[in-house]
Amino acid sequence: MTTQSQASAFAYAPAPESRAVVDIAPSYGLFIDGEFAEAAEGKVFKTVSPSSEEVLSEVARAGEADVERAVRAARKAFEKWSALPGSERAKYLFRIARIIQERSRELAVLETLDNGKPIRETRDADLPLVAAHFFYYAGWADKLGHAGYGADPRPLGVAGQVIPWNFPLLMLAWKIAPALATGNTVVLKPAETTPLSALFFADICRQAGLPRGVVNILPGYGDAGAALVAHPDVNKVAFTGSTAVGKEIARTVAGTRKKLTLELGGKGANIVFDDAPLDQAVEGIVNGIFFNQGQVCCAGSRLLVQESVEDELLDALKRRLGTLRLGDPLDKNTDIGAINSAEQLARITSLVEAGEAEGAERWSPACELPSAGYWFAPTLFTNVTQAHTVARDEIFGPVLSVLTFRTPDEAVAKANNTPYGLSAGIWTEKGSRILAVANKLRAGVVWSNTFNKFDPTSPFGGYKESGFGREGGRHGLEAYLDV
Amino acid sequence: MSDARLSVFKTYKLYVGGKFPRSESGRVYEVTDSKGNWLANAPQSSRKDARDAVVAARKAFGGWSGATAYNRGQVLYRVAEMLEGRREQFTREVAEAEGLSKSKAAAQVDAAIDRWVWYAGWTDKIAQLVGGGNPVAGPYFNLSSPEPTGVVTVVAPQDSSFLGLVSVLAPVIATGNTAVVVASERAPLPALSLGEVLATSDVPGGVVNVLSGRTAEIAAPLAAHQDVNAIDLAGADEALAKELEIAAAGNLKRVLRPQPVDDWSADPGTDRLTPFLETKTVWHPTGSLGAGGSSY
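Residue numbers (numbering that gives the first Met the number 0), protein chains in the order written: chain A, 0 to 482; chain B, 0 to 295.
Hints were generated in silico from the structure; no laboratory data involved. Warning: the hint list may mix true and false statements.
[What the hints assert, rightly or not] Quick list of the computed label-pair ranges, beta carbon to beta carbon: (1) B/K58 to A/D232: 44 to 50 Å; (2) A/E357 to B/G61: 17 to 23 Å; (3) A/L83 to B/E23: 57 to 63 Å; (4) B/K58 to A/D481: 34 to 40 Å.
[Unchecked claim] Under 7 Å between C-beta atoms, here's a sample of chain B residues computed to sit facing chain A: (5) S33; (6) G132; (7) K241; (8) I245; (9) R253.
The model shown is predicted, which means the values in this text are computed figures rather than measured ones. Think of the CB as a built atom: it goes at the ideal place given N, C-alpha and C, for glycine as much as any other residue.
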């Protein structure tokens with residue numbers, strides 16, 4: 000924390016990234032058929048900076064009529080776009096990837112302003128991955144016959160995509176890059192708290208000369224997302240968000256021919272064995288749960304530590320948490336930024352209160368929170384049992400629940416004791432134990448002696464109620480092909 | 000002849016957990032051939048039978064999914080061996096069930112036997128087809144491999160009582176899942192007889208469980224069951240398929256919607272192997288974990 004007095008925390012001079020690299024207009028429209036337009040009903044909403052509550056811009060709010068217009072534009076564009084040789088589609092995607100690289104500083108600042116996450120993360124994690132995804136899928140566009148789905152796999156048509164606020168531009172890239180590479184056109188609804196980077200992406204599409212209607216962006220709320228998902232002329236639905244909404248969407252598309260992929264919640268177990276390299280494990284635990292303020296579906300939100308090293312590990316972990324710097328997300332030294340919205344902050348607060356009420360022991364480092372904006376101190380819960388709310392429910396905030404185990408079998412049983420199955424971590428020096436435990440974990444991504452690593456070549460997605468389908472890699476193409 | 004021997008009828012029973020129970024409900028229903036002649040009284044399974052079958056399938060999942068692919072291939076091939084020896088029996092049953100000539104029924108049975116052989120060969124190949132190393136941009140070993148999704152409900156095709164059934168069941172268990180099968184409602188007897196073959200084919204008890212009865216009645220609790228991971232809707236009509244898909248959303252089951260199949264004897268490809276697989280991606284650093292070049 001920048002203000003705390005713990006000896007381990009140096010006082011760093013502020014190192015703010017300049018806001019001047021990005022021009023935010025006072026208002027934005029919907030992006031339909033290559034043009035910005037007002038919402039049919041004329042509705043707008045404000046998007047604020049979570050770290051200061053400053054209003055950044057006013058954005059058109061899509062409704063049902065706008066969904067109708069956007070789907071029609073995408074349908075019209077589909078004919079020509081899907082008929083383009085893959086090599087031509089590839090070039091558009093390569094162009095987009097290059098423009099993203101060129102504008103990545105601007106986009107990183109914008110994302111930090113609109114989302115509240117530290118510039119260190121948008122600059123070093125989000126934006127490089129965004130560009131990499133477009134590069135990766137650009138290369139697939141003219142090689143689809145080699146992807147293992149037959150000689151000439153066909154696109155599905157219009158893809159309706161609904162993405163969350165935790166990685167606004169990265170989730171856009173995960174959805175749009177494979178959709179366009181395979182010849183689909185898209186209507187994408189960004190989250191209501193983070194619409195700006197998607198609207199800037201519309202401008203990148205313009206710069207890249209992408210044909211009209213291939214990408215349509217509809218900022219809006221859940222009602223617009225629901226209308227998009229239910230639209231009869233949408234052929235493919237892709238959603239990243241909460242498990243509850245994912246179930247609702249699965250019900251909506253039941254009985255239709257719409258292809259569905261869902262990336263939903265998680266309650267990842269991070270398992271530390273007694274022979275683990277503890278210093279690295281501590282870094283991995285911190286990265287696993289405090290990256291993006293814990294607002295990550297694959298966060299390692301349950302720490303399972305072998306009893307014999309519990310004290311040692313928790314001491315080291317607490318010491319490390321004392322050195323985290325919480326504050327201005329635009330400051331390059333900041334580790335922990337703002338929670339994305341007042342609503343999310345309230346949700347985290349109430350779950351943490353439930354944890355305390357149920358008898359788990361709450362701990363945070365000395366930490367002064369800024370007076371404006373939405374903030375939550377990094378928090379640890381010990382004395383947690385599997386029955387506790389904080390061990391079962393996804394909190395989606397900087398809150399780590401610590402449980403213990405004695406044997407590898409117990410670790411596996413506890414790790415799998417959740418309806419979710421997205422991610423897990425294993426920390427041990429013993430190779431055979433890594434492989435044995437990784438085999439038994441019911442999770443789509445297993446990080447051993449590392450955590451929260453992503454790459455466009457690497458399929459990502461969940462087991463059980465964490466959703467179905469994979470994004471990234473060759474596997475990610477399937478979601479957008481008629482196979 | 001007055002002294003003609005009276006034939007011995009067979010009491011058809013369910014196949015659950017490697018055993019042959021009657022329905023706990025005590026109900027049976029009349030199964031007839033295509034001309035309406037009585038063939039047998041088949042068990043009419045209840046919701047409780049369906050739940051028991053899920054318990055059996057879950058119990059069997061650890062062992063079956065943990066078996067080597069080589070071993071699973073051997074077991075599937077063994078099913079083909081056992082069926083080959085009972086070719087005449089199944090030919091008669093399929094002929095009666097579907098109103099086919101003896102030669103047409105025999106062709107169906109032969110195709111079904113060959114299908115077991117086809118899938119026996121897939122058990123140790125599918126992982127190389129759909130998994131593999133990922134060339135990530137960093138110092139990491141990164142491998143994706145397919146794993147079975149768990150307990151799969153198979154609503155067997157209604158018309159193709161045996162070849163259709165085998166075509167949807169074999170890929171489910173070839174990939175390491177365990178199955179709860181809802182047999183064709185009108186023609187369940189070949190499915191129930193298959194249970195007898197599976198029981199003598201080294202297929203561990205509980206890996207396949209066969210229920211007969213009213214499809215909608217049995218499938219509804221299975222589609223809603225929290226401990227079922229996936230459902231193949233092959234034998235559900237449009238209205239039932241929609242209802243079951245909605246119920247399946249309760250725990251986000253993997254759903255394979257009814258796929259149009261003109262000819263069950265056509266080459267099935269890998270289309271039915273992949274819907275019941277999950278892809279697991281495992282990362283590990285390849286750099287040093289020392290203080291110098293930490294790349295945890």
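Right, here's what the structure says about each hint:
Here the CB-CB span from B/K58 to A/D232 is close to 46 Å, well matched to the stated 44 to 50 Å. One distance hint, 17 to 23 Å for the beta-carbon pair A/E357 and B/G61, is violated here, with the actual separation near 32 Å. A/L83 and B/E23 have their C-beta atoms about 60 Å apart, which keeps the hinted 57 to 63 Å range intact. For the pair B/K58 and A/D481, the supplied restraint of 34 to 40 Å holds, since their beta-carbon distance comes to about 38 Å.
Given hint, B/S33 at the interface with chain A, is violated; its Cβ is 31 Å from that chain's nearest Cβ, farther than 7 Å. With its C-beta approaching chain A no nearer than about 9 Å, B/G132 sits outside the 7 Å limit, and its interface hint is violated. Annotation: interface hint on B/K241 holds; nearest CB of chain A at approximately 3 Å, less than 7 Å. For B/I245, the interface hint holds, the least distance from its beta-carbon to any beta-carbon of chain A being 4 Å, beneath 7 Å.
For B/R253, the interface hint holds, the least distance from its beta-carbon to any beta-carbon of chain A being 6 Å, beneath 7 Å.
When the structure is compared with the earlier hints, violations turn up for hints 2, 5 and 6 and for no others.
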